[in-house]
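When you get a sec, could you build the whole thing from the sequences and use the hints?
Protein chains in written order, with my numbering: chain A, -15 to 564; chain B, -15 to 564.
The hints are simulated quantities; they were obtained by calculation from the structure and are not laboratory data.
Mixed in with the good hints, there may be bad ones.
Because identical chains share one entry, a pair is satisfied inside a single copy or across any pair of copies.
Stated by the list, open to error - Using 35 Å as the maximum straight-line C-alpha spacing, the simulated DSBU-like pairs for lysine-lysine come out as follows: (1) Lys207 x Lys307; (2) Lys43 x Lys62; (3) Lys307 x Lys160; (4) Lys307 x Lys256; (5) Lys307 x Lys465; (6) Lys66 x Lys79; (7) Lys43 x Lys79; (8) Lys465 x Lys43; (9) Lys307 x Lys130; (10) Lys256 x Lys129; (11) Lys525 x Lys130; (12) Lys129 x Lys79.
None of these values were measured; they are calculated from a predicted model.
Spelled out from the first residue to the last, the chains are:
There are 2 protein chains.
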Amino acid sequence: MARYQAPLREINFVLNDILDAGRLTRLPGFSEATPDVLSGLVEEAARLLEEQLAPLSAKSDAGCTFQDGEVIVPEGFKPFYKLYRESGWVGLAQKTEYGGQGLPYTLGKVVEEMVSSANVAFTLYPALTASCFEAIEANGSEEQKKIYLPRLATGEWTGTMCMTEPQAGSDIGAVKTRAYPQADGRYRLEGTKIFISSGEHQMADNIVHFVLARLPDSPPGVKGLSTFIVPKFLLSTDGLPGARNTVRCLSIEHKMGLHGSCTCTLTFENAKGWRVGEPNQGIHNMFVMMNMARIMVGVQGLGQCELATQNAIRYAQERRQGKAASGGETLIEHPDVRRMLLTMKAMTEGARVLAYETGLYVDLSRHHPDAAVRQEAQDWVDLNTPLVKAFCTDAAVELAALAIQVYGGHGYIREHGIEQILRDSKILCLYEGTNGIQAMDLVRRKLTQHEGRLPRRFFERVRNEIPDDAPLRFIAQPLLKAVEDLEATTLWMQDALRTRSEDAAFGGADFLRAFALTYLGYNWLRMSRAALRHADAGFAKSKRVTAEFFVQRLLPQVHALCGTVRNPTQSLMSLSAANF
Amino acid sequence: MARYQAPLREINFVLNDILDAGRLTRLPGFSEATPDVLSGLVEEAARLLEEQLAPLSAKSDAGCTFQDGEVIVPEGFKPFYKLYRESGWVGLAQKTEYGGQGLPYTLGKVVEEMVSSANVAFTLYPALTASCFEAIEANGSEEQKKIYLPRLATGEWTGTMCMTEPQAGSDIGAVKTRAYPQADGRYRLEGTKIFISSGEHQMADNIVHFVLARLPDSPPGVKGLSTFIVPKFLLSTDGLPGARNTVRCLSIEHKMGLHGSCTCTLTFENAKGWRVGEPNQGIHNMFVMMNMARIMVGVQGLGQCELATQNAIRYAQERRQGKAASGGETLIEHPDVRRMLLTMKAMTEGARVLAYETGLYVDLSRHHPDAAVRQEAQDWVDLNTPLVKAFCTDAAVELAALAIQVYGGHGYIREHGIEQILRDSKILCLYEGTNGIQAMDLVRRKLTQHEGRLPRRFFERVRNEIPDDAPLRFIAQPLLKAVEDLEATTLWMQDALRTRSEDAAFGGADFLRAFALTYLGYNWLRMSRAALRHADAGFAKSKRVTAEFFVQRLLPQVHALCGTVRNPTQSLMSLSAANF
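As structure tokens, this is what we get:
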């Protein structure tokens, strides 16, 4: 089984030395969220997750079972979930007025990374609950908020997001589930949803389904969707779960991995629901929550990157195999193994800065007293969301595959738990919008909104921070070149969008990767600078060598990718589907 | 479940239009192996595999079971193996004097590709049997050949290769299994072997273990290893399987995939064995067989590439999801989906030429009457072996991951059989020498043997074939640039090997990929040329667009990779293991 030790030193380095998370205390309501307090909470979560959750990994991989309409979660999940929610971790970043802990969203992301390393399948239960909370908080009536938010903030009830249907995946406008208005103001829901995470289980007293459905008189496509609350148990007059509603789990999926998370097919047959928000505003109502969910999935990817990386390093440090030129006899003495480990470190540590910084911008966008600061922070959140989601999840699969290579044949054997990382991670590239959808979001939306202000902010910021001083020249010059190439490619993209939209779409995935790698270059610049003044010489050396590795081997990909984007295959769309 | 339809048109195009496989008929013994005969045999195999083997895929994934020392293979394997061997496919390319079919090795590789697409786990049973045949044929006594080869050629008995031990994986010199000489000329074997494919099953009347072990007075390391035959059943005086030998299966591994192939831990306790070849020549005795096995694994990778590619294309042609800019409503109309499908086509079709050409060189190296031609062919086999093994298997994992993306969330669900391709493929990057070991073989051995003659042959050949004519200029010029860059990097590598061996080792994996991609460029040049005169306009167009795609998106990676190789991170080895 893979082992997990929370990377506390790395986490604190990013929060304090790179991102100055201490500035959170200057936001209204966060005066007590000092670096010391955050660090203490991270340590407390780390202990809980290392000791109680990580050991459930193999049982989690054995999966959920489905019996007579009920889902039985893996052994150990129910007591751990109880412990986790009673310790207040579910509503960590939710408002205190609804029973949350009122702590920064940034801290929530740090804990989420650790949960995802310890057991990414478990993450889904609290994560979907948070998504459901956010959707109701943003769009619900006062009464709905009063009923549901406190139960979701404490995790007493869990939540789901019911969007996908057999014919409606990436094309969400194809949703067919119907909601018929009833005389009493409620709705009768009819339809089938698939791929519903946490759709049925016994860990909570109730499950709150947040459902995308279509009113009888609605226009076709995405403009005719509305949102509804459909609880598993209808509430009695005293607000407690009472009679069973007619939403039922038909089956659970047998998947590549993530077995501890049940993935349900739900049918709604004469199910009672309550509309949330205005009719036909469903997509709008989902918008904030969906973007938050994308950041969450990116953080899950980060957690899996960390798990793959730390296990591969430990194994390479311990496993004796062959004598290297250096005379050493452990795997880590072999140059090709170092190449793999440094790739893993460079990507994981770079991705952590990207993910946490995005979290910090969410806090600033929500809480900063100055509207201009809030707006700028929101721009960064918008730009970073597809980067975090797609890059961190692609990285998770890539690094999991590298970890298997480091383990050799043993990596392919289930008992080591390394191949599980790859199986668990691959879903992250698919759900909450495939990574292809993320690329489209970056190119079509984020490059164009506010007349291209989002990427301009990025280029300006990075240029301004590129220093002149000798000790950082090894990264400053290559980073500047990458920024210049990416900026030229961004202009090319913005132009292509207007005149040759298929060329733009064709280059989207490569463009996203080029953007993310440039962002990581900026992160490695900041980490290299901070390392210069770090007290621990070994830590500083590790950061320096990893930064050099990043500059030498990963950053140059930006130029190859940009070149590809700007030089599309002209004949691409001319090949008929039948001739593939 | 993934579907499989043998790509007969592609196979015949490569054999006839690109590689002129008709020249096989001019080799002694192959006069009847005309293109028509080969094509007929390929079709016959295709029908058998499509109809009888491919449908076993899901049952194969359910795995083998281990009970009371016996392994039970998946339902359907035993009757199919009987049918397969009785139809003569096991010994297809083995000599007729030993009961084989005496057909070209090239044809054997084509059939192996198809078997690997239809069910890669099944492939191991006949493939290890072929390896065992080759090892005994190359090193056995006349008596050993007479006893074992006819039974292995017909597949009546199957074979294994017993090399790996818990402490001896990539470092084969660490093997500890002992062979004690007995008064009667036999040996008593004592030890434990792990990861033994086909180590125990009931599909054949006997299992011939080919075992690497150490004589009592042997020197340490690889120079003290010898090889032994240890049959599962000792032979009675009439040559039939008699008493059970004391080699036993202790357990089978639970793996990421390849579940239909049993992976056994075998113990040898007072087991009776017969030495093959001279004492302490074990590594030498394994050499030919190991190289053949590496080509075989590369072909398994090709088979999985094909399976991923054809399923993704079919799904994208059929699945309606979202309206594309073109107005089309199937997945294949979306530019980002085309990007993925063309990546898959460009790699699979390019890899097929590499793999088959290597097979053809094996035939030439064995059978051509002219010693100079045989030598040149052997050079190509030596050069190509690590390329085929590492590139085709890395590609299999990469394309399997892309196929999952094309399927979206459905790709993650087991019933579609797409995630199985990734799980089944990942082992290919590990066994028969990890892909890191292949890179070392290419760099340390293949670049230096015969004073660098191997890569020189490649550069000369490709330069000579780069044409001047306008219709191929789109690929000729970029290919020439790639060749120049790769050649310069080869010289850099050869120099680094002498003076900075860790730099050379560090760049090995990237260098191998750059080499393979340049080779694929040469393949796409040849396919583009052949397509110009192809009768089917749709097929010709598909080849042309895919070649353009390859030139635009994959070939440029050569320059990025070469740049990386020639600019190693200097401080890499200075980071202490503890500071990772």
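_Up to 35 Å CA-CA - Lys79 versus Lys43, copy category_ = within (34 Å within a copy, 51 Å between copies)
*How do Lys465 and Lys43 come out at 35 Å by Cα distance, when the copy is not named: within, between, both, or neither?*
neither (48 Å within a copy, 53 Å between copies)
*How would you label the pair Lys207, Lys307 (within, between, both, or neither) given a Cα cut-off of 35 Å?*
Cα proximity of Lys207 and Lys307: across copies only (15 Å, versus 65 Å in one copy).
*Tell me, please, which holds for Lys307 and Lys160 at an alpha-carbon limit of 35 Å: within, between, both or neither?*
between (63 Å within a copy, 17 Å between copies)
*Between Lys307 and Lys130, at a C-alpha cutoff of 35 Å, which is it: within one copy, between copies, both, or neither?*
Classified as neither: same-chain Cα gap 66 Å, cross-chain 40 Å, threshold 35 Å.
_Treating 35 Å as the Cα threshold, decide for Lys307 and Lys465: within, between, both or neither._
Cα proximity of Lys307 and Lys465: none, with 40 Å in one copy and 38 Å across.
_Up to 35 Å CA-CA - Lys256 versus Lys307, copy category_ = between (68 Å within a copy, 33 Å between copies)
*How would you classify Lys525 and Lys130 at a CA-CA limit of 35 Å: within, between, both, or neither?*
Answer is neither: 53 Å inside a copy and 63 Å across each miss the 35 Å cutoff.
*First find the shortest C-alpha distance between Lys129 and Lys79 inside one copy, then the shortest across copies, and answer within, between, both or neither for a cut-off of 35 Å.*
within (12 Å within a copy, 79 Å between copies)
*Between Lys43 and Lys62, at a C-alpha cutoff of 35 Å, which is it: within one copy, between copies, both, or neither?*
both (12 Å within a copy, 33 Å between copies)
*How would you classify Lys256 and Lys129 at a CA-CA limit of 35 Å: within, between, both, or neither?*
within (18 Å within a copy, 77 Å between copies)
*Intra- versus inter-subunit Cα pairing at 35 Å for Lys66 with Lys79*: Answer is within; shortest intra-copy Cα gap is 21 Å, inter-copy 68 Å.
Violation of the numbered hints given earlier is confined to hints 5, 8, 9 and 11; the remaining hints are satisfied by the structure.
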